[in-house]
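Residue numbers (the UniProt record's numbering), protein chains in the order written: chain S, 1 to 374; chain Y, 1 to 374.
Keep in mind that a hint or two might mislead.
If chains are identical, the list can't say which one is meant, so a pair holds when it fits in one copy or spans any two.
[What the hints assert, rightly or not] Using 20 Å as the maximum straight-line C-alpha spacing, the simulated EDC-like pairs for lysine to aspartate or glutamate come out as follows:
(1) K158 to E198
(2) K358 to E342
(3) K110 to E68
(4) K36 to D26
(5) K110 to E61
(6) K99 to E68
Derived by calculation from the structure, the hints in this document are not laboratory data. Bear in mind that the values here come from a model prediction, so they are computed numbers and not experimental data.
Protein chains: 2
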Amino acid sequence: MRFLHTADWHIGRRLHGFDLTESQADAFTQIETIAKAEKVDGILLAGDLYDRGLPSESSVEQLNAMIEQLNLTDQIPIYAISGNHDSAIRLATGAQWFKATKFYMATDIKDAFDPITVGDTQIFLLPYFEPFAAAQYFDDESIVHLDQAVAAAVAKMKTLFDPDKKHILEAHFFVSGSTTTDSETQLTVGGLASVPLETLKDFDYVALGHLHGRQALQADNASYSGSPVKFSLSEATQEKGVYILDTETMTREFKPLTPLRDVQLLHESFETLIDPIFYNGLDLDNYYGITLTDTKPIPNVLARLREIYPNIITLEREKGYQASLRPSALNVKHQDPMALLEQFYELVAKDDLSDQQKQWAEDALKKANKEVQP
Amino acid sequence: MRFLHTADWHIGRRLHGFDLTESQADAFTQIETIAKAEKVDGILLAGDLYDRGLPSESSVEQLNAMIEQLNLTDQIPIYAISGNHDSAIRLATGAQWFKATKFYMATDIKDAFDPITVGDTQIFLLPYFEPFAAAQYFDDESIVHLDQAVAAAVAKMKTLFDPDKKHILEAHFFVSGSTTTDSETQLTVGGLASVPLETLKDFDYVALGHLHGRQALQADNASYSGSPVKFSLSEATQEKGVYILDTETMTREFKPLTPLRDVQLLHESFETLIDPIFYNGLDLDNYYGITLTDTKPIPNVLARLREIYPNIITLEREKGYQASLRPSALNVKHQDPMALLEQFYELVAKDDLSDQQKQWAEDALKKANKEVQP
Numbered sequence: 001m002r003f004l005h006t007a008d009w010h011i012g013r014r015l016h017g018f019d020l021t022e023s024q025a026d027a028f029t030q031i032e033t034i035a036k037a038e039k040v041d042g043i044l045l046a047g048d049l050y051d052r053g054l055p056s057e058s059s060v061e062q063l064n065a066m067i068e069q070l071n072l073t074d075q076i077p078i079y080a081i082s083g084n085h086d087s088a089i090r091l092a093t094g095a096q097w098f099k100a101t102k103f104y105m106a107t108d109i110k111d112a113f114d115p116i117t118v119g120d121t122q123i124f125l126l127p128y129f130e131p132f133a134a135a136q137y138f139d140d141e142s143i144v145h146l147d148q149a150v151a152a153a154v155a156k157m158k159t160l161f162d163p164d165k166k167h168i169l170e171a172h173f174f175v176s177g178s179t180t181t182d183s184e185t186q187l188t189v190g191g192l193a194s195v196p197l198e199t200l201k202d203f204d205y206v207a208l209g210h211l212h213g214r215q216a217l218q219a220d221n222a223s224y225s226g227s228p229v230k231f232s233l234s235e236a237t238q239e240k241g242v243y244i245l246d247t248e249t250m251t252r253e254f255k256p257l258t259p260l261r262d263v264q265l266l267h268e269s270f271e272t273l274i275d276p277i278f279y280n281g282l283d284l285d286n287y288y289g290i291t292l293t294d295t296k297p298i299p300n301v302l303a304r305l306r307e308i309y310p311n312i313i314t315l316e317r318e319k320g321y322q323a324s325l326r327p328s329a330l331n332v333k334h335q336d337p338m339a340l341l342e343q344f345y346e347l348v349a350k351d352d353l354s355d356q357q358k359q360w361a362e363d364a365l366k367k368a369n370k371e372v373q374p
Numbered sequence: 001m002r003f004l005h006t007a008d009w010h011i012g013r014r015l016h017g018f019d020l021t022e023s024q025a026d027a028f029t030q031i032e033t034i035a036k037a038e039k040v041d042g043i044l045l046a047g048d049l050y051d052r053g054l055p056s057e058s059s060v061e062q063l064n065a066m067i068e069q070l071n072l073t074d075q076i077p078i079y080a081i082s083g084n085h086d087s088a089i090r091l092a093t094g095a096q097w098f099k100a101t102k103f104y105m106a107t108d109i110k111d112a113f114d115p116i117t118v119g120d121t122q123i124f125l126l127p128y129f130e131p132f133a134a135a136q137y138f139d140d141e142s143i144v145h146l147d148q149a150v151a152a153a154v155a156k157m158k159t160l161f162d163p164d165k166k167h168i169l170e171a172h173f174f175v176s177g178s179t180t181t182d183s184e185t186q187l188t189v190g191g192l193a194s195v196p197l198e199t200l201k202d203f204d205y206v207a208l209g210h211l212h213g214r215q216a217l218q219a220d221n222a223s224y225s226g227s228p229v230k231f232s233l234s235e236a237t238q239e240k241g242v243y244i245l246d247t248e249t250m251t252r253e254f255k256p257l258t259p260l261r262d263v264q265l266l267h268e269s270f271e272t273l274i275d276p277i278f279y280n281g282l283d284l285d286n287y288y289g290i291t292l293t294d295t296k297p298i299p300n301v302l303a304r305l306r307e308i309y310p311n312i313i314t315l316e317r318e319k320g321y322q323a324s325l326r327p328s329a330l331n332v333k334h335q336d337p338m339a340l341l342e343q344f345y346e347l348v349a350k351d352d353l354s355d356q357q358k359q360w361a362e363d364a365l366k367k368a369n370k371e372v373q374p
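Chain S on its own, in the form it takes in the complex (with noise of 0.2 Å):
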């Protein structure tokens, strides 16, 4: 059998305000294509279909359109799964009846030990879940962790394995191993809410979701498939796509899509960006994430900027307030709030705060204090 993997479409997304409807429908396209010439058996969607729980009436109507496009009108069946991004009970809606065409939608963890045999196949899909979904499920008080979650629904699953089959499973959570970019949702703090890899080890194929880079895991027997779009400025230097997956030989092969408007990283100075030697040679439709090299003040940057490139998402200067000289959210946490207004004074003003504007700052800090407690 041959399958195409897929996951986070995140239909909704808007990458720094813009719209992605029409990159999305592309890709889509793409991906569409790609399933007819392979005569692919089916399409694995490993979750993150919308990219909220409460999608827009756009957003419904295009994702409604996209499966209708496959399943009804390609005749493709669909096995997909919810993401931590979608609203498990909304997408539930018509599932029972999506099965007649073979359009499986999974949405509970429940549905994970109801296998789908196809030709050589065993198919699992299971959704994403909270770990206490899964304590409830066991009635089992001592899952409290992910991973612990995971390794009781495989164990579950592993009693259901048809010898004479090989065995895949879909799933939507973060592999250990995995690298994340950007435009993932970080499920929890605290490197709890991972699965290692070892747990896997017994599906011949793990058809995985969540995170949005393939690169982000390198095993023989599971992959991300990567988002179809690029949604971040971390994802610029990635190569998006899909797999197609030969449970025969149970290799797979990636086929690369080609952005409608892709998401790059310019570090120039200005007098280079505005040169038309050097734009001519750009996509000037692609969304820009700019890094100015320059020190002096450049009046109204932006919008002589924009005049060139419309689509800049981020405007930045090389030696002045950069992105990775921010303090981390997890930082800021453990950090006493003086330390942090001196390193906030210090990226900002590129100076020291005098002794008198330190004075000034822990006076106000004690009298906020003393107005929080009772």
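On the provided structure of chain S, position chain Y as indicated by the hints.
Frame of chain S, contents of chain Y only:
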């Protein structure tokens, strides 16, 4: 053929802040029981399945379970249309699949021209739509008002009439001659958003939704089933239920539903209301709209009454500020602010404005007018 006609389920609706989930679930169970006992060939569900376009997850779960129960478990065909409270786009999710089990979910004006033939009957499903959708569909800019839009739709439906069949129309709008209650949304102000009964004369039966009281329309070939549950105080005296339609005789029989918690009006003195001899005869779990006949102040009156009647939805004074004396929304729009203020003062203070007060109000209104003008 025998059909059960119901409408206006409004899943997700609240009654003066009280959750109606249980009442709606109970009414549903009664409807299901009637449908099975009467061995109906289908259920006509005439719009406003949800109370709002963006229903909560729990509402989605509740409606999905009801539809699955009727259509998949009980195997009863469902002929449904979207109403003005529904999001047509959201309700359309899965509709292409639902037909396989005879669950017809019409959400677009074009669906009206794809009648379903069942036994001796053709069923036309005309969902709620805005006149501009009809203007667009018929490519006719002269269609501006609902009556014109419905006339055009009916003319087209009549070209599809099979002369050997009975013709049922299912629709969701205000038919002229109907009287409204407080719980229907007024579609527009001005009286143009209604359809004359005459327009519908060529149908053997018109199964209507929109108005919550079945008494709203008296016609041989058309009726509102009304909502299964009382959604406002103005529905207190209505008997709720469903119709069973027999297409052989084209007669209909009303089947009442027993409310889980009724909505009732009490018009009594405080002394009577707190007298066990009075209230022991009542179902105290009901929702009560109370009008006190007392004229003297009663300390903590609401809290004291709620000790006996936990589900009080309104508390008014017969001789105080009364709902029936409120200027209607329609009147308000046609009166000048000074006249409204005088009415309001009289209602609240039981006195006329003094000349000095009038002068102050006029000065303030003049000043306010000046501020909003450029």
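So, going through the hints one by one against the coordinates:
For the homomeric pair K158 and E198, the shortest alpha-carbon distance inside one copy (14 Å) is at most 20 Å, but the shortest distance between copies (66 Å) is not. Taking the shortest Cα distances, K358 and E342 sit within 20 Å of each other inside one copy (9 Å), while across copies they are farther apart (61 Å). Taking the shortest alpha-carbon separations for K110 and E68, only the inter-copy value of 18 Å comes in at or below 20 Å, while the best intra-copy value is 25 Å. Proximity of K36 to D26 under the C-alpha cut-off of 20 Å is restricted to the intra-copy arrangement: shortest distance 16 Å within a copy versus 48 Å between copies.
Proximity of K110 to E61 under the C-alpha cut-off of 20 Å is restricted to the inter-copy arrangement: shortest distance 17 Å between copies versus 28 Å within a copy. For a Cα distance limit of 20 Å, the shortest separation of K99 from E68 qualifies both inside one copy, at 13 Å, and across copies, at 14 Å.
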